[in-house]
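Asker: Sequence:
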Amino acid sequence: MLTSRTVAYLNVDSAVAGHGFYASATPQLDELLKEASKQVQNPDNGTQSLYDLWMSSNSSPLIGRLGGGSSDYSAFVQHIGIPSVDMAIGSDYPVYHSLYDDFIWMEKFGDPLFQRHVAAASMWGLVALRLSDEEILPFNYSNYATELENGALGISERVQGMPVSLSPLHKSIKEFRKAVAKVDSELKALQTWKIWSPWRNNPLKVRDINDRLMMTERAFTDREGLSGRPWYKHLIYAPSLHNDYGAEVYPGIGDAIERVKKTNTSESLQSIQHEIYRVSRVINQAALVLSGGLT
1 MLTSRTVAYL
11 NVDSAVAGHG
21 FYASATPQLD
31 ELLKEASKQV
41 QNPDNGTQSL
51 YDLWMSSNSS
61 PLIGRLGGGS
71 SDYSAFVQHI
81 GIPSVDMAIG
91 SDYPVYHSLY
101 DDFIWMEKFG
111 DPLFQRHVAA
121 ASMWGLVALR
131 LSDEEILPFN
141 YSNYATELEN
151 GALGISERVQ
161 GMPVSLSPLH
171 KSIKEFRKAV
181 AKVDSELKAL
191 QTWKIWSPWR
201 NNPLKVRDIN
211 DRLMMTERAF
221 TDREGLSGRP
231 WYKHLIYAPS
241 LHNDYGAEVY
251 PGIGDAIERV
261 KKTNTSESLQ
271 SIQHEIYRVS
281 RVINQAALVL
291 SGGLT
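Heads up: the sequence shown at position 206 corresponds to 206 in full-length UniProt numbering, and the numbers run straight through without jumps.
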């Protein structure tokens with residue numbers, strides 16, 4: 001049921017932890033989060049939006065990626081491949097899991113007027129409303145393509161001097177970029193009345209594009225999971241092998257690179273190439289899903 005019908009998972013571990021706004025997400029939700037935050041009032045300054053607070057309280061990147069193997073969202077995104085987001089007002093919760101982590105502390109110090117809680121609830125509600133009510137899912141995969149490209153650059157630096165080829169990875173990312181361009185052109189066409197009208201009269205076409213937008217994230221998963229960590233099925237994002245709270249791009253490739261550092265053998269070098277092929281395969285798979293090549 002989760003695999004076939006879940007549109008997205010909205011996670012809030014701690015709704016209010018202090019000042020500022022922070023969010024992490026799978027990249028197709030980036031623009032939705034930015035747009036929603038512009039409609040919510042800054043709880044600490046009534047003349048500004050939550051987006052303004054967000055911009056002032058963050059260094060780049062504005063939106064983080066989901067790591068945290070111990071968080072509730074892990075099963076959704078890293079095991080099943082469901083688009084997910086984690087958000088909170090504030091990031092450093094000083095009494096987290098202590099004896100002072102109670103309603104009294106929040107009422108006296110954390111959020112005396114509970115305006116920050118209102119902002120957190122409003123943000124969550126707006127995102128949920130758009131995901132559930134809009135006829136076409138508000139997913140934007142352009143950011144995802146950019147993240148894949150940036151991740152490939154990072155891997156290129158790490159394997160410099162090693163006898164491995166990143167050509168399959170680069171080719172698959174190009175195919176994904178083409179799929180993004182295709183679906184973007186379809187979505188733009190839907191905004192014009194001449195094209196939109198027949199789509200509205202044909203729910204199967206609307207269902208088709210929504211299924212593609214929703215299932216693309218699933219395509220980044222692999223049944224076998226990461227080598228040595230089979231529970232993690234997502235080959236694009238997972239916790240770092242050495243930091244359970246940090247997200248790593250192409251974790252399987254990263255794990256293989258770390259193994260080479262410990263045992264520099266021909267077998268360990270081959271494992272890097274093998275992981276590159278595996279990642280390339282799921283990216284090509286995602287490109288096919290997004291472009292409609294599998295329907």
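A hint or two may mislead.
Okay, the calculated beta carbon distance ranges per label pair [unchecked claim]:
id, residue 1, residue 2, range
1, 2, 45, 51 to 61 Å
2, 129, 265, 52 to 62 Å
3, 223, 100, 37 to 47 Å
Read the hints as simulated data drawn from the structure, not as lab findings. A virtual CB, placed ideally from N, CA and C, is assigned to each residue, including glycine.
Asker: Give a verdict on every hint.
Answerer: Tested hints:
1. 2 - 45: 51 to 61 Å: violated, 39 Å
2. 129 - 265: 52 to 62 Å: holds, 54 Å
3. 223 - 100: 37 to 47 Å: Check passed, 45 Å falls within 37 to 47 Å.
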